[in-house]
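Q: These protein sequences, in sequence, are chains A and B.
The first sequence begins at 0 in numbering that gives the first Met the number 0 and counts up one residue at a time.
The second sequence begins at 0 in numbering that gives the first Met the number 0 and counts up one residue at a time.
Don't take every hint at face value.
To be verified - Derived lysine to aspartate or glutamate pairs resembling DMTMM-like cross-links, with alpha carbons at most 20 Å apart:
(1) B:K59 to A:D84
(2) B:K307 to B:E166
(3) B:K22 to A:D70
(4) B:K10 to B:E62
(5) B:K317 to B:D249
(6) B:K281 to B:D304
(7) A:K61 to B:E18
(8) B:K39 to A:E48
(9) B:K53 to B:D3
(10) B:K236 to B:E163
(11) B:K53 to A:D46
(12) B:K53 to A:D68
(13) A:K43 to A:E13
(14) B:K2 to B:D44
(15) B:K22 to A:E13
(16) A:K61 to A:D84
(17) B:K22 to A:D42
(18) B:K59 to A:E13
(19) A:K81 to B:E19
(20) B:K53 to B:D78
(21) B:K22 to A:E72
(22) B:K315 to B:D304
(23) B:K22 to A:D66
(24) B:K58 to A:E48
(25) A:K61 to B:E62
(26) B:K39 to A:E72
(27) B:K53 to A:D66
Unchecked claim - Covered, in the sense of this in silico footprint (three residues per stretch, anywhere, with C-beta under 8 Å from a C-beta of chain A), are these stretches of chain B:
(28) 24-31
(29) 48-58
Rather than coming from a laboratory, the hints here were simulated on the basis of the structure.
The model shown is predicted, which means the values in this text are computed figures rather than measured ones.
Beta carbons are placed, not taken as given, at the ideal position from N, Cα and C, and that holds for glycine.
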Amino acid sequence: MSEVNEIISNIQQEMKRGTLVLAVLTQMDQPQYGYSLIQALTDKGLDVEQNTLYPLLRRLEKQGLLDSDWDTEGSRPRRYYKISDIGKEVRSLLLEDWNRLNDTMLKMMEGLK
Amino acid sequence: MIKDYLYAIGKYLSPLQREEVLKEIQANLYDYLEETFGDKDRYEDHEVESAILKMGTPKKVAEAYLDRQRALIAPPLLDVYFLLLKIVIPAVSLGLVIANVISVNPEANLGLLVLNIIGQIWSASLSVIGVMTIIFALLYKYLPDKDLEFSEEWTIKDLEKAPEPVERISIGETIFGIAFSVLGLVFFNSDSLIVIGNSIDYIPVVNTAVFNNYLPLINISFVLSILLYIYLLIKRKWQISTRIISMALDVFGVFVFWLIAFNPNFLDFSKIPGISVNDGLKIAEGVQIGMKIGFAAIAILVIVDIAKHLIIMLKKTKDF
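For reference, chain A alone in the conformation it holds in the complex (with noise of 0.2 Å):
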């Protein structure tokens, strides 16, 4: 049965990486730091790690999704990430990409327990 379990866990954490680029994107109209954001997707019943977060975060800033700052005004540096317009023009075709997978896949599960 763990090994089951492993099985399961293996393909939850591939489902969950392959719409976390996404998710993310969604989020980012206004700015957010990395605890921010975690705790923005949290809310909204998507876990993340920390470790895989912010360093995506990066990866989409290096790719010209993000933008990003540092706010030094406060008691401690803080680095903000806001969605940029090449990323919301990559994000609208996503979105798009996602309504038809979401349709199909309700399709194919139509009379599935």
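Take the given structure of chain A and dock chain B to it, following the hints.
A: Same frame as chain A, but now just chain B:
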């Protein structure tokens, strides 16, 4: 504690991105502390510890930030690297043993001789590992990515054509070729072989002055052959370019052998005790005839090898 943690992470990061990444990780740690334990000037040790444990082990955190897997040798080349070490180190060891045994003084202390050989093998093996690692590290750095691993944007065109049966290299022949070339390289460069001592303990039959003229040519021939064999092991197939290089090396090797076999001054038996100059010349002549016969045999083998390459190349041209 946070400083120690950041320092540990920094060890796994590249110097170019280290400062920026560590700054960000530090900010993230304090964000976690602030959100979990409130805004404070100083956090308790157990609070910091929980923040660090939540973040993960230094290696895992650093690896998540790395753009490319850190490696000195490309993972696809690791097997070839270890295979080569397994061929080259025994070949070097054998070469050193042969060279030492040939020049051994019959009255030498056997224990010292063995220790000397072990010492030479140890230091030669370290050099071999070092040189091989440098070669493979350079290959990883400068070979285009598609030669080693497909990037995520690969297309069918990136697939290299699988070799036809005649293009496949023979692993056995390649391993033998590397072992033979390394052995030759070690043997001919071994001090004990080329030193003509005044002592009667040595039986010097090679004229050092003449031999030293040929040594660079011999070395070039062996080193280029080893490099060709390594390339063949990586590519696992013959290409027109490698066939041409192989034929050129064959011709070059035979040319060097010809220079040696037909040089009457190459051998010198006159220094052997009890042998007169005339007798020495006669023995040298006899051995030289043997070398010429050897040369003829090798020349025939090389001609056959070259003919084999040419026939395959001609067939391939006709197919096009």
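Q: Confirm or reject each hint.
A: Each hint, compared with the structure:
Between K59 of chain B and D84 of chain A the alpha-carbon distance is near 32 Å, which puts this suggested pair outside the 20 Å criterion. The straight-line distance between the Cα atoms of K307 of chain B and E166 of chain B is roughly 12 Å, inside the 20 Å bound, and the hint therefore holds. Our distance criterion of 20 Å between C-alpha atoms is met by K22 of chain B and D70 of chain A, whose separation comes to about 13 Å. Note on K10 of chain B and E62 of chain B: the hinted pairing holds, with a Cα-Cα distance of about 11 Å set against a maximum of 20 Å.
With a C-alpha separation of about 25 Å, the suggested pairing of K317 of chain B with D249 of chain B is violated against the 20 Å cut-off. Among the hinted pairs, K281 of chain B with D304 of chain B is inconsistent with the structure: their alpha-carbon atoms are about 35 Å apart, more than 20 Å. Between the alpha carbons of K61 of chain A and E18 of chain B the distance comes to roughly 17 Å, so the proposed pair stays at or under 20 Å and holds. This hinted pair does not check out: K39 of chain B and E48 of chain A have alpha carbons roughly 24 Å apart, beyond 20 Å.
Simply put, K53 of chain B and D3 of chain B have alpha-carbon atoms about 16 Å apart, close enough for the 20 Å limit, and the pair holds. Proposed proximity of K236 of chain B and E163 of chain B is supported: the alpha carbons are some 9 Å apart, at most 20 Å. As the CA atoms of K53 of chain B and D46 of chain A are separated by approximately 13 Å, the hinted pair is consistent with the 20 Å bound. In summary, the hint linking K53 of chain B to D68 of chain A is not supported, as the alpha carbons are separated by about 25 Å, beyond the 20 Å threshold.
Proposed proximity of K43 of chain A and E13 of chain A is supported: the alpha carbons are some 19 Å apart, at most 20 Å. Taken as a hint, the K2 of chain B and D44 of chain B pair is honoured in the structure, with Cα atoms around 13 Å apart against an allowance of 20 Å. Only pairs whose Cα atoms come within 20 Å are accepted, and K22 of chain B paired with E13 of chain A is rejected, the gap being roughly 30 Å. Among the hinted pairs, K61 of chain A with D84 of chain A is consistent with the structure: their alpha-carbon atoms are about 14 Å apart, no more than 20 Å.
At most 20 Å may separate the alpha-carbon atoms for a hinted pair to count; K22 of chain B and D42 of chain A exceed this at roughly 27 Å. Note on K59 of chain B and E13 of chain A: the hinted pairing holds, with a Cα-Cα distance of about 18 Å set against a maximum of 20 Å. Taken as a hint, the K81 of chain A and E19 of chain B pair is honoured in the structure, with Cα atoms around 18 Å apart against an allowance of 20 Å. At most 20 Å may separate the alpha-carbon atoms for a hinted pair to count; K53 of chain B and D78 of chain B exceed this at roughly 37 Å.
Pair hint K22 of chain B plus E72 of chain A holds up; C-alpha atoms about 16 Å apart against a cutoff of 20 Å. Taking the CA atoms of K315 of chain B and D304 of chain B, the gap is near 17 Å; set against the 20 Å cutoff, the hint holds. For the hint pairing K22 of chain B with D66 of chain A, the CA-to-CA distance comes to about 17 Å; that is within 20 Å, so the pair holds. As the CA atoms of K58 of chain B and E48 of chain A are separated by approximately 16 Å, the hinted pair is consistent with the 20 Å bound.
At most 20 Å may separate the alpha-carbon atoms for a hinted pair to count; K61 of chain A and E62 of chain B meet this at roughly 17 Å. As the CA atoms of K39 of chain B and E72 of chain A are separated by approximately 17 Å, the hinted pair is consistent with the 20 Å bound. With a CA separation close to 26 Å, the supplied pair K53 of chain B and D66 of chain A exceeds the 20 Å bound. Coverage of the region 24-31 of chain B by chain A holds. Counting CB-CB distances below 8 Å, 6 residues qualify, and the rule asks for three or more.
Only residues whose C-beta sits within less than 8 Å of a C-beta in chain A count toward coverage, and the region 48-58 of chain B has 3 of them, enough to reach three; the restraint holds.
When held up to the earlier numbered hints, the structure conflicts with 1, 5, 6, 8, 12, 15, 17, 20 and 27 and fits the remainder.
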